[in-house]
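Engineer: Sequence:
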Amino acid sequence: MSIKLGAVLCADEVTPSSLNTLSSLGFETINITFWQSLGTFDLPQLAETVAASPLEVSALSIFGNTLSSVDTLSGWESLITHSSLFGSPYVTGFAGRVTGKSVEDSLSAWKATFSSLLDLAYKHDCPGLLFENCRMGDLWKRGNWNIAINGEAWALMFDTLDDSRLGLQWEPCHQVEAFLDPLIQLKGWLPRVKHIHGKDALVNWDLLKVIGLYSPNKATSSVLPGEGDSDWGAIIQLLKEGGYEGSIDIETKNQTFFPELEEKKQSREYLQKYL
Numbered sequence: 114m115s116i117k118l119g120a121v122l123c124a125d126e127v128t129p130s131s132l133n134t135l136s137s138l139g140f141e142t143i144n145i146t147f148w149q150s151l152g153t154f155d156l157p158q159l160a161e162t163v164a165a166s167p168l169e170v171s172a173l174s175i176f177g178n179t180l181s182s183v184d185t186l187s188g189w190e191s192l193i194t195h196s197s198l199f200g201s202p203y204v205t206g207f208a209g210r211v212t213g214k215s216v217e218d219s220l221s222a223w224k225a226t227f228s229s230l231l232d233l234a235y236k237h238d239c240p241g242l243l244f245e246n247c248r249m250g251d252l253w254k255r256g257n258w259n260i261a262i263n264g265e266a267w268a269l270m271f272d273t274l275d276d277s278r279l280g281l282q283w284e285p286c287h288q289v290e291a292f293l294d295p296l297i298q299l300k301g302w303l304p305r306v307k308h309i310h311g312k313d314a315l316v317n318w319d320l321l322k323v324i325g326l327y328s329p330n331k332a333t334s335s336v337l338p339g340e341g342d343s344d345w346g347a348i349i350q351l352l353k354e355g356g357y358e359g360s361i362d363i364e365t366k367n368q369t370f371f372p373e374l375e376e377k378k379q380s381r382e383y384l385q386k387y388l
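Numbering follows this note's numbering, in which position 99 of the sequence shown is assigned residue number 212; successive positions increment by one, without gaps.
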């Protein structure tokens, strides 16, 4: 199976017109995302909209603190329960965190929550629950959003709750922002990587030398594939060698996908040449 290229969309961007536009530009998949809650979205109706288009749903995502927000936890449950309506994609999001606590001090609550969600995933034939590793400003010893912030945290998580349906929603952007080598990390974690966001980062090394790591300003910026520091040719080759069968869904640096659509088209074409 070849790797497909798609787009990360907010749920309110999923319309017949937008999906037809993406298809006409060569996009094949979409990752539908929600922020903290599902709001008033009608999931069966949303599924019908997608089913009437040529695109496949690669993942359903809700980003919030699963361990502290009832709405976010309920969102995970609803997406898992309704995943079959969308073709049974992965359900993804932040791992959550006990507010203000360390990674280790959040593991017990995380295990309890995701053990229950795993049971639900098996019941509804959801293929997997994946964790996105955006830090949201969190550190190892404290934070408010997400314990799945790096490889050391992933190792602790999967040692605490090891199941074949738990995995990673990975992207090089967050690794470049942390000054990690994305390729080295991907090689070590490839069996757990089930979905990929097409997003990169660019380091301004001259600025970094001036402001350092702890400035209120950042020396990194989020960019599209083809504009950043990552070697996507090497990433895709590694994915192929590892038998990766998922998609790479381009994630915009803005809140919505369709502004500056030509840039996303060019990014898709950049990735396509390596497939």
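In case anyone wonders, no lab produced these hints; they're calculated from the structure. Predicted, not measured: the structure shown is a model, and the values here were computed from it. Don't take every hint at face value.
Lysine-lysine pairs mimicking DSS-like chemistry, simulated, CA-CA at most 30 Å apart [what the hints assert, rightly or not]:
1) Lys300 / Lys224
2) Lys236 / Lys117
3) Lys386 / Lys300
4) Lys214 / Lys254
5) Lys353 / Lys366
6) Lys254 / Lys322
7) Lys322 / Lys353
8) Lys300 / Lys378
9) Lys322 / Lys366
10) Lys224 / Lys254
11) Lys378 / Lys117
12) Lys378 / Lys366
Label pairs and their calculated CB-CB ranges [as the list claims (entries may be wrong)]:
13) Asp238 / Leu326: 18 to 26 Å
14) Phe271 / Ala291: 14 to 22 Å
15) Lys366 / Ser197: 29 to 37 Å
16) Ser221 / Lys386: 44 to 52 Å
17) Glu265 / Thr153: 35 to 43 Å
18) Ser197 / Glu358: 38 to 46 Å
19) Pro167 / Thr212: 38 to 46 Å
20) Gly301 / Ser215: 36 to 44 Å
21) Ser215 / Arg305: 20 to 28 Å
We put the beta carbon where it would ideally sit given N, CA and C, even for glycine.
Engineer: Regarding the pair Lys224 and Lys254, is the alpha-carbon distance no greater than 30 Å?
Structural biologist: holds, 18 Å
Engineer: Measuring from beta carbon to beta carbon, are Glu265 and Thr153 in 35 to 43 Å?
Structural biologist: Holds: the Cβ-Cβ distance is about 39 Å, inside 35 to 43 Å.
Engineer: So does Ser221 sit 44 to 52 Å from Lys386, Cβ to Cβ?
Structural biologist: holds, 46 Å
Engineer: Between Lys214 and Lys254, is the straight-line Cα distance small enough, at 30 Å or below?
Structural biologist: Measuring from Cα to Cα gives roughly 6 Å; hence the hint holds.
Engineer: State, for the Cβ atoms of Pro167 and Thr212, whether the hinted interval 38 to 46 Å holds or is violated.
Structural biologist: holds, 42 Å
Engineer: Run the distance test for Lys378 versus Lys366: straight-line Cα separation, threshold 30 Å.
Structural biologist: holds, 14 Å
Engineer: Next pair to validate is Lys353 with Lys366; report whether the Cα-Cα distance is within 30 Å.
Structural biologist: holds, 26 Å
Engineer: CA of Lys322 to CA of Lys366, is that 30 Å or under?
Structural biologist: holds, 24 Å
Engineer: Holds or violated: 14 to 22 Å for the Cβ distance of Phe271 and Ala291?
Structural biologist: With a Cβ separation near 19 Å, Phe271 and Ala291 satisfy 14 to 22 Å, so the hint holds.
Engineer: Given the range 29 to 37 Å, decide if the beta-carbon distance of Lys366 to Ser197 lies inside it.
Structural biologist: holds, 32 Å
Engineer: Between Lys386 and Lys300, does the CA-CA distance stay at or below 30 Å?
Structural biologist: Measuring from Cα to Cα gives roughly 22 Å; hence the hint holds.
Engineer: Taking 30 Å as the top limit, are the C-alpha atoms of Lys300 and Lys224 close enough?
Structural biologist: holds, 26 Å
Going down the numbered hints, you'll see the structure goes against 7, 13, 18, 20, while the others check out.
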